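Q: Residue strings, one per chain:
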Amino acid sequence: MGKTECTCLLEDISQFYGKEMATRDAYGIILVELGKKNPDIVVLDADLSCSTKTAKFAKTFPDRFFNMGVSEQDMIGVAAGLALTGKIPFASTFAIFATGRAWEQIRQTVCYSNANVKIVATHGGITVGEDGATHQALEDVALMRVIPGMTVIVPADAYETAQAIATVAEYHGPVYVRLGRAKVPSVMPENYKFQIGKSYIFRVGKDVNIIANGIMVAEALKASEILNKEGIDTGVANFSSVKPLDEEALLNIAKSSKLIVTAEEHSIIGGLGSAVAEFISENNPVALRRIGVRDTFGCSGSSKELLNFYGLTAEQIVQTVRDFFRK
Amino acid sequence: MVNIESLEDKARQLRIEIVKMLAKAGSGHTGGSLSAADIVAALYFYKMKHDPKNPQWKDRDRFVLSKGHAAPVLYAALALSGYFDKSLLGSLRKLGSPLQGHPCCKELPGVEVSTGSLGQGLSVACGMAIGLKLESSPARVYCLLGDGEIQEGQVWEAAMTASHYKLDNLCAIIDHNNLQIDGACTEVMNIKPIEAKFIAFGWNVFTIDGHNMQEIVNALDEAEKIKGKPTMILANTVKGKGVSIFEGKVQYHGVAPTLEELEIALKELKDGQN
Chain F
1 MGKTECTCLL
11 EDISQFYGKE
21 MATRDAYGII
31 LVELGKKNPD
41 IVVLDADLSC
51 STKTAKFAKT
61 FPDRFFNMGV
71 SEQDMIGVAA
81 GLALTGKIPF
91 ASTFAIFATG
101 RAWEQIRQTV
111 CYSNANVKIV
121 ATHGGITVGE
131 DGATHQALED
141 VALMRVIPGM
151 TVIVPADAYE
161 TAQAIATVAE
171 YHGPVYVRLG
181 RAKVPSVMPE
191 NYKFQIGKSY
201 IFRVGKDVNI
211 IANGIMVAEA
221 LKASEILNKE
231 GIDTGVANFS
241 SVKPLDEEAL
251 LNIAKSSKLI
261 VTAEEHSIIG
271 GLGSAVAEFI
281 SENNPVALRR
291 IGVRDTFGCS
301 GSSKELLNFY
311 GLTAEQIVQT
321 VRDFFRK
Chain W
1001 MVNIESLEDK
1011 ARQLRIEIVK
1021 MLAKAGSGHT
1031 GGSLSAADIV
1041 AALYFYKMKH
1051 DPKNPQWKDR
1061 DRFVLSKGHA
1071 APVLYAALAL
1081 SGYFDKSLLG
1091 SLRKLGSPLQ
1101 GHPCCKELPG
1111 VEVSTGSLGQ
1121 GLSVACGMAI
1131 GLKLESSPAR
1141 VYCLLGDGEI
1151 QEGQVWEAAM
1161 TASHYKLDNL
1171 CAIIDHNNLQ
1181 IDGACTEVMN
1191 IKPIEAKFIA
1201 FGWNVFTIDG
1211 HNMQEIVNAL
1221 DEAEKIKGKP
1231 TMILANTVKG
1241 KGVSIFEGKV
1251 QYHGVAPTLE
1261 ELEIALKELK
1271 DGQN
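Protein chains in written order, with my numbering: chain F, 1 to 327; chain W, 1001 to 1274.
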């Protein structure tokens, strides 16, 4: 199946360490670096290359970049065809169009054929902001997770994104990587090594463990500081690999938790919270609370306003934990 | 030198295998498999460069069966080409068989991509054509579409892609039998004029009799000479072609022959009345 861990040269990846940066920006930069090393890498976009940051690749490698225009379904099919002739296509557009508009193409043509297509979607989640509900992908992880053979990655920061992109370029098989529009703080430590199917555990708590991915890892870390000061022993884990899920780590966490809180910039239906719930309820039932967008569409607003409005904050995590222990 | 008679005989053999495997399976798509038999025979036994002993040969021509429900005609062509033993055809649609109801490339060597959900194949063919051009490969890509299938919007996205990227190594063929599940294509959702649409999308178009082997061969040969644009061969066909009781009948779109019908079919096909 190819490599599942990052073997990319350190100098390419280390430039992202400690940077507060949008994950899509990290994607645009590392894609060019990978393109220099591997001539089989080709990139497709659906008229959003300036937003998805694939425009950098287009400028550097015009012969290996294919703008498909506003036609996501065709883009995914063409990517599959390229993969079936030995290329490593990275197909990019906004998360909702990549996974929603072209879902059946991904299921039938990419995954059922096990075509080596990398779908890297930007503008995932509510932080797309002002464009509102039509452009806020809150279901993409669920849509991708359900397809057999699909790998689903939601990196937390620029450093992890660069490693994840470098890794999936070497891994053989369909992958969905979900990135965001807004700047995100640096959270992953310098010695971190991304691996498909592996979580990163910052700390295991005896009372509560917060399992997060994407931008919610930073919020989980903030929440854990507050909770630990209040005497609630709180741990945090980054489950950037939603599928395959790091079941071994999750089992250990479940065994040492009174409560697990999941936190994701996604609907609470079908995403990380669901994946965790499915596993622990069958293997080691423990109290669970899910932080995410409830069964509702988004709306217009600034990223920060929306995160507050939908309760995707450290404060919400803290309050959820406090409520549980006060019962 | 092309031997038209021997290709016609191959098409007849494909039809015999199609009705036999469908009757044994008890379900499947008879009409659209038979209508495509002459085209598929010309591709597999005349035009395409491929190596059944080495299905992954890098410079092989690619065939994408976008109308995946016509799987029996593809399976018959693969078996008669030597990709696998003919006896495997008897397992069509059975549990554990690599001959799924619609083609699955993970299961069966020689199948280039899994198909069956209509409208997706031409995009894949475009991607393959681009990939082969990037490799400076001499290989060509052939894509067989149904006429009802072109009602899918994605086909027209792909039609734009093919001409935008000047994919002259791509040749698509429409099996134009004018019948889809619910009736005549022109009545369910009018697809005409097909030629003018593809010409407007920047394609070279040949219209032929899809059961005239000489015309099929000529069109496939001529398509290779067209530079700077993809070619569409609009092949006028008859659904169920080769078996009088199936010909032109919409009810045989997705129904397998009964044993009595098989007997009639085999008699006609062996008598060379196709």
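Among the hints, a few may not be true.
[Stated by the list, open to error] Chain W side only, calculated, beta carbon under 8 Å to chain F, not exhaustive:
{"hint": "1", "residue": "G1116"}
{"hint": "2", "residue": "G1127"}
{"hint": "3", "residue": "T1161"}
{"hint": "4", "residue": "L1259"}
[Claimed, not checked] The calculated lysine-lysine pairs, modelled on DSS-like cross-linking and capped at a C-alpha distance of 30 Å, are:
{"hint": "5", "chain 1": "W", "residue 1": "K1197", "chain 2": "F", "residue 2": "K198"}
{"hint": "6", "chain 1": "F", "residue 1": "K243", "chain 2": "W", "residue 2": "K1053"}
{"hint": "7", "chain 1": "W", "residue 1": "K1053", "chain 2": "F", "residue 2": "K36"}
{"hint": "8", "chain 1": "F", "residue 1": "K36", "chain 2": "W", "residue 2": "K1058"}
{"hint": "9", "chain 1": "W", "residue 1": "K1058", "chain 2": "W", "residue 2": "K1225"}
{"hint": "10", "chain 1": "F", "residue 1": "K183", "chain 2": "F", "residue 2": "K258"}
{"hint": "11", "chain 1": "W", "residue 1": "K1049", "chain 2": "F", "residue 2": "K3"}
{"hint": "12", "chain 1": "W", "residue 1": "K1267", "chain 2": "W", "residue 2": "K1229"}
{"hint": "13", "chain 1": "W", "residue 1": "K1227", "chain 2": "F", "residue 2": "K59"}
{"hint": "14", "chain 1": "W", "residue 1": "K1133", "chain 2": "W", "residue 2": "K1024"}
{"hint": "15", "chain 1": "W", "residue 1": "K1024", "chain 2": "F", "residue 2": "K37"}
{"hint": "16", "chain 1": "W", "residue 1": "K1270", "chain 2": "W", "residue 2": "K1049"}
{"hint": "17", "chain 1": "W", "residue 1": "K1058", "chain 2": "F", "residue 2": "K3"}
{"hint": "18", "chain 1": "W", "residue 1": "K1086", "chain 2": "F", "residue 2": "K59"}
{"hint": "19", "chain 1": "F", "residue 1": "K37", "chain 2": "W", "residue 2": "K1267"}
{"hint": "20", "chain 1": "W", "residue 1": "K1225", "chain 2": "F", "residue 2": "K56"}
{"hint": "21", "chain 1": "W", "residue 1": "K1225", "chain 2": "W", "residue 2": "K1166"}
{"hint": "22", "chain 1": "F", "residue 1": "K193", "chain 2": "F", "residue 2": "K37"}
{"hint": "23", "chain 1": "W", "residue 1": "K1229", "chain 2": "W", "residue 2": "K1197"}
{"hint": "24", "chain 1": "W", "residue 1": "K1094", "chain 2": "W", "residue 2": "K1225"}
{"hint": "25", "chain 1": "W", "residue 1": "K1270", "chain 2": "F", "residue 2": "K56"}
{"hint": "26", "chain 1": "F", "residue 1": "K3", "chain 2": "W", "residue 2": "K1270"}
{"hint": "27", "chain 1": "F", "residue 1": "K56", "chain 2": "W", "residue 2": "K1086"}
{"hint": "28", "chain 1": "F", "residue 1": "K304", "chain 2": "F", "residue 2": "K255"}
{"hint": "29", "chain 1": "W", "residue 1": "K1086", "chain 2": "F", "residue 2": "K37"}
{"hint": "30", "chain 1": "W", "residue 1": "K1267", "chain 2": "F", "residue 2": "K36"}
{"hint": "31", "chain 1": "W", "residue 1": "K1058", "chain 2": "W", "residue 2": "K1024"}
{"hint": "32", "chain 1": "W", "residue 1": "K1086", "chain 2": "W", "residue 2": "K1053"}
{"hint": "33", "chain 1": "W", "residue 1": "K1094", "chain 2": "F", "residue 2": "K59"}
{"hint": "34", "chain 1": "W", "residue 1": "K1133", "chain 2": "W", "residue 2": "K1086"}
{"hint": "35", "chain 1": "W", "residue 1": "K1270", "chain 2": "F", "residue 2": "K59"}
{"hint": "36", "chain 1": "W", "residue 1": "K1133", "chain 2": "W", "residue 2": "K1094"}
None of these hints come from the bench; they were simulated from the model.
Keep in mind that this is a model prediction, so the values were computed, not measured.
Using N, Cα and C, we set each Cβ at its ideal position, and we do this for glycine too.
Q: Give a verdict on every hint.
A: Going through the hints against the structure:
Hint on G1116 (chain W) holds. Least Cβ distance to chain F is approximately 7 Å, under the 8 Å limit. Satisfaction of the interface hint for G1127 (chain W) is found here, the shortest Cβ-Cβ separation to chain F being roughly 2 Å, below the 8 Å cut-off. At about 6 Å, the closest approach between the beta carbon of T1161 (chain W) and any beta carbon in chain F falls short of 8 Å, and the interface hint on this residue holds. The criterion of a C-beta within 8 Å of any C-beta in chain F is not met by L1259 (chain W), whose closest approach is roughly 33 Å, and the hint is violated.
Between K1197 (chain W) and K198 (chain F) the CA atoms are separated by roughly 51 Å; this puts the pair beyond 30 Å, and the hint is violated. Proximity of K243 (chain F) to K1053 (chain W) is assessed by CA-CA distance (about 37 Å); at most 30 Å being required, the pair is judged violated. A distance of roughly 36 Å separates the Cα atoms of K1053 (chain W) and K36 (chain F); the hinted pair therefore is violated under the 30 Å criterion. Between K36 (chain F) and K1058 (chain W) the CA atoms are separated by roughly 24 Å; this keeps the pair inside 30 Å, and the hint holds.
The straight-line distance between the Cα atoms of K1058 (chain W) and K1225 (chain W) is roughly 22 Å, inside the 30 Å bound, and the hint therefore holds. Simply put, K183 (chain F) and K258 (chain F) have alpha-carbon atoms about 33 Å apart, too far for the 30 Å limit, and the pair is violated. Straight-line distance between C-alpha atoms of K1049 (chain W) and K3 (chain F) comes to about 33 Å, which puts the hinted pair past the 30 Å bound. Straight-line distance between C-alpha atoms of K1267 (chain W) and K1229 (chain W) comes to about 44 Å, which puts the hinted pair past the 30 Å bound.
Of the supplied pair hints, the one linking K1227 (chain W) and K59 (chain F) holds, its CA atoms being roughly 27 Å apart against a limit of 30 Å. For the suggested pair K1133 (chain W) and K1024 (chain W), the alpha carbons sit about 42 Å apart, so the restraint of at most 30 Å is broken. A C-alpha spacing of about 53 Å is found between K1024 (chain W) and K37 (chain F), which places the hinted pair above 30 Å, so the restraint is violated. For the suggested pair K1270 (chain W) and K1049 (chain W), the alpha carbons sit about 29 Å apart, so the restraint of at most 30 Å is met.
Between K1058 (chain W) and K3 (chain F) the alpha-carbon distance is near 23 Å, which keeps this suggested pair within the 30 Å criterion. A distance of roughly 51 Å separates the Cα atoms of K1086 (chain W) and K59 (chain F); the hinted pair therefore is violated under the 30 Å criterion. For the given pair, K37 (chain F) sits about 61 Å from K1267 (chain W) by alpha-carbon distance, which is inconsistent with the 30 Å threshold. Between the alpha carbons of K1225 (chain W) and K56 (chain F) the distance comes to roughly 37 Å, so the proposed pair goes past 30 Å and is violated.
The suggested pairing of K1225 (chain W) with K1166 (chain W) holds, with an alpha-carbon distance near 14 Å, which does not exceed 30 Å. For the hint linking K193 (chain F) to K37 (chain F), the alpha-carbon distance of about 20 Å falls within 30 Å, and the restraint holds. Taking the CA atoms of K1229 (chain W) and K1197 (chain W), the gap is about 15 Å. The hint holds against a cut of 30 Å. Taking the CA atoms of K1094 (chain W) and K1225 (chain W), the gap is about 43 Å. The hint is violated against a cut of 30 Å.
For the hint linking K1270 (chain W) to K56 (chain F), the alpha-carbon distance of about 62 Å lies beyond 30 Å, and the restraint is violated. Under the criterion of a C-alpha separation no larger than 30 Å, the hint pairing K3 (chain F) with K1270 (chain W) is inconsistent with the structure, at around 54 Å. Restraint check: the Cα-Cα separation between K56 (chain F) and K1086 (chain W) comes to about 51 Å, which exceeds 30 Å; the hinted pair is violated. As the CA atoms of K304 (chain F) and K255 (chain F) are separated by approximately 35 Å, the hinted pair breaks the 30 Å bound.
For the hint pairing K1086 (chain W) with K37 (chain F), the CA-to-CA distance comes to about 45 Å; that exceeds 30 Å, so the pair is violated. Between K1267 (chain W) and K36 (chain F) the CA atoms are separated by roughly 62 Å; this puts the pair beyond 30 Å, and the hint is violated. Of the pairs offered as hints, the one joining K1058 (chain W) and K1024 (chain W) is violated, with about 35 Å between alpha carbons and a cut-off of 30 Å exceeded. For the hint pairing K1086 (chain W) with K1053 (chain W), the CA-to-CA distance comes to about 15 Å; that is within 30 Å, so the pair holds.
Restraint check for K1094 (chain W) and K59 (chain F): not satisfied, since their Cα atoms lie roughly 51 Å apart, outside the 30 Å limit. Between the alpha carbons of K1133 (chain W) and K1086 (chain W) the distance comes to roughly 34 Å, so the proposed pair goes past 30 Å and is violated. A C-alpha spacing of about 61 Å is found between K1270 (chain W) and K59 (chain F), which places the hinted pair above 30 Å, so the restraint is violated. Proximity of K1133 (chain W) to K1094 (chain W) is assessed by CA-CA distance (about 38 Å); at most 30 Å being required, the pair is judged violated.
Of the numbered hints stated above, those contradicted by the structure are hints 4, 5, 6, 7, 10, 11, 12, 14, 15, 18, 19, 20, 24, 25, 26, 27, 28, 29, 30, 31, 33, 34, 35, 36, listed in ascending order.
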